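What follows is each chain in one-letter form.
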Amino acid sequence: MRSDLSLVAQRVSKKFGLTLKQSLRYGLKDMARTFLGAGVSTDQLRKGEFWAVQDVSFELQRGESLGIMGVNGSGKSTLLRMLNGVYAPDAGHIQIRGRVAALIAAGAGFAPMLSGRENVYINGALLGLTKRQVDTLIDEIIAFSELEEFIDLPVRNYSSGMFVRLGFAIAALSRPDVLLMDEVLAVGDLNFQKKCFDCILSMKKQGTSIILVSHSPGSIWAVCDRGLFMDHGHVVVDGTAEDIVRAYDDQNSRNAVESNLRLSAAHTATARSDSPSVVNESLAVPSRGELQSIDGVICREFRILSRQNGEEVGEIDFREVVDLELVIDVYQVIRNASVRVVIDAAHYRNILVLDSYEQGLMLDELVPGRYSFKISLHANNLRPGAYTFNVTVISKHIAAHLSLWLKCATLVIRTPKELFFYAEPLAVVHLPATFTCQPQLAVERSLHA
Amino acid sequence: MPDPSSLVRSYSPRGTFQTPMRSIAMARREIYVSRHVIWQLFARDFVANLRQKILGYLWVIITPLLAIASFVFLNYAGVLNPGEMSIPYPLFVFIGTSLWALLMTTVTAVANGLIGNSDLIIRTNIPKIGLSLTGLANVLYNYIVGFLLLLIVFAFFRLVPSPWILCYPIVSLPLIALGVGVGLVLAVVGTVARDVTPIALSVLGLLMYVTPVVFNADLSNPVLRRIIVANPLTYLVDTPRSLATLGVIPSPIGYLLSCMLSLVMLWIGIHAFYLVQDKVAERL
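Chains as they are written, first to last, in our numbering: chain A, 1 to 449; chain B, 450 to 733.
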């Protein structure tokens, strides 16, 4: 191991059994083989096992910080536990230099019956400090955690935020060489989080290497120089903090679309089995979404088409413009009709609307027959994320939808390479603008003012 | 001791076979390195056990006193009639049962040490052998208090113990070694299959009836007698008791062999523990 490195992971893998029964059988078998002196090869999958972490390699220099992102179940915590020596890897090799402090969950190792002060000694010992070393640190730890009033209270009455305060204070002030953190700071209040980040950055300057697992792009961006984005146990992106935040956002958008579809499919299935008469059996029902047809018109098809090749797309680049295509069947004459596309974002409904009348298309009378509408976007200012499309056909004279098709399509907008969107996860529209800065007052004057 | 900031730990799958000598060396080193933690956890278990109880630290002596009181009562009621004995029967039973309890509580504490500390195993990298031994805190303190009470019981019967009673704590150590050895095997096997420990404890409990704990070894049934003579636990229980009361060792060779057997069991336990401890964390 090179002297400037504090951590080396080489092709690290870990497997788990899918069911308890299976892992009981394999566990006993492995144990029996080990006791009898026969080798157990761990680097092959057996039936009913899967790789929780597979072939992960990276290096970490002294004072460097690495962020790990990934959706739930991507293997982040398992990797962190291997780095902390809790799980032995099934394949590969980990080397780690110096004292390791792990903040893996709030309140780990706290004895509920004992006071905060007594627990500081226990937790300090867990981090490798002697009683005398804790003696010299305890006032600082109590002051940092701001728990002066409650330090002699049994910790079972502590809130999760108080656990994190105490846990972080002990871990940080024990001055470890490597700090492993798993999404714990989110429990603290804003003031404490800010204090923690200040502390982490100053630890980093003093040479502590940091590995931070988080779902918060802000934390990763604030602390980490580099990052890994994990998916199904693999490292998919190994790059800058911005790169992995982008990969994580895209993955989340895709998952949002998928869970949205799954939920509505389940919903539709339930609705259909409850009351089969809701949808007219003679009509061909669209395969996705939720269709209500009230009166004489039915939405048949809705597609999002690429401008380049005219093919249907589910995922596009930021700012890429697309065409929308809607096909409806009309059974009765409709006067003063308009067709409308309403777009939902992941967290908000009805964020944008495209209405034929608003956009200048007059449909005075639609006689029975099949109609196809094409809606060409001039610009696309949607921020990266997942969006859901709903279409409806209405008539000016009837104050209700003639046909309503919810969730007829979904679209993922990928994060761009040249811009970094981090500021507001709830924002949905990007307004391109130019920022300039001009000093209005000289520094001396502003100080005197 | 090396500077902790330059120490390089490395983690890799266990592929090569580990010799029993190496297991012992690792156990020694890990316990030495983590002695502060083990001490803090000892103290934690001891203090937390006594908090939120009206009588607090009085519990340290209440439990054993009650045990003695029950024997005194039985003795006065005339229920206990073991026949001719060179020492009072209640004294015989008190020493026998406390030695047997020492073995049982040691096995139980060590066997449950890993499961009881699963929170720490999953979130920290304290050596697992240290965690399985923290349960011994209460065993050891019960042992010390039990020894002091033994002196009180002697006083109650107006007997003067043999001066060899000072060796009593030392000659009963093999029981602890045996208990730790069995407990360590159960600790690792028990994390994979949770019913192994209760089964083993029940079987161990049955062994009390072929060990002279509450009765004398001089049985008239020759088969039972032969079993008792062949049972190593016989010597581990009988020797401390005879030494404390009469100042003699009934069978030095039997005791010596049993001691060696206990040490071998301790070794087997430590070796088994190190062979499979890597597989423990993911099964808690």
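Among these hints, one or two may not hold up.
Taking CB as the label site, the calculated pair distances span [to be verified]:
| hint | chain 1 | residue 1 | chain 2 | residue 2 | range |
| --- | --- | --- | --- | --- | --- |
| 1 | B | Asp667 | A | Asn157 | 58 to 68 Å |
| 2 | B | Tyr590 | A | Gly37 | 32 to 42 Å |
| 3 | B | Phe495 | A | Gln61 | 18 to 28 Å |
Away from chain B, derived, C-beta distances all over 12 Å, residues of chain A [as the list claims (entries may be wrong)]:
| hint | residue |
| --- | --- |
| 4 | Tyr26 |
| 5 | Thr78 |
| 6 | Tyr87 |
No lab work stands behind these hints: they were computed from the structure. These figures come from a predicted structure and were not determined experimentally. Beta carbons: idealized from backbone N, C-alpha and C, even for Gly.
Violations among the numbered hints, reported as their numbers in ascending order: Hint check: 3, 4, 5, 6 fail, others pass.
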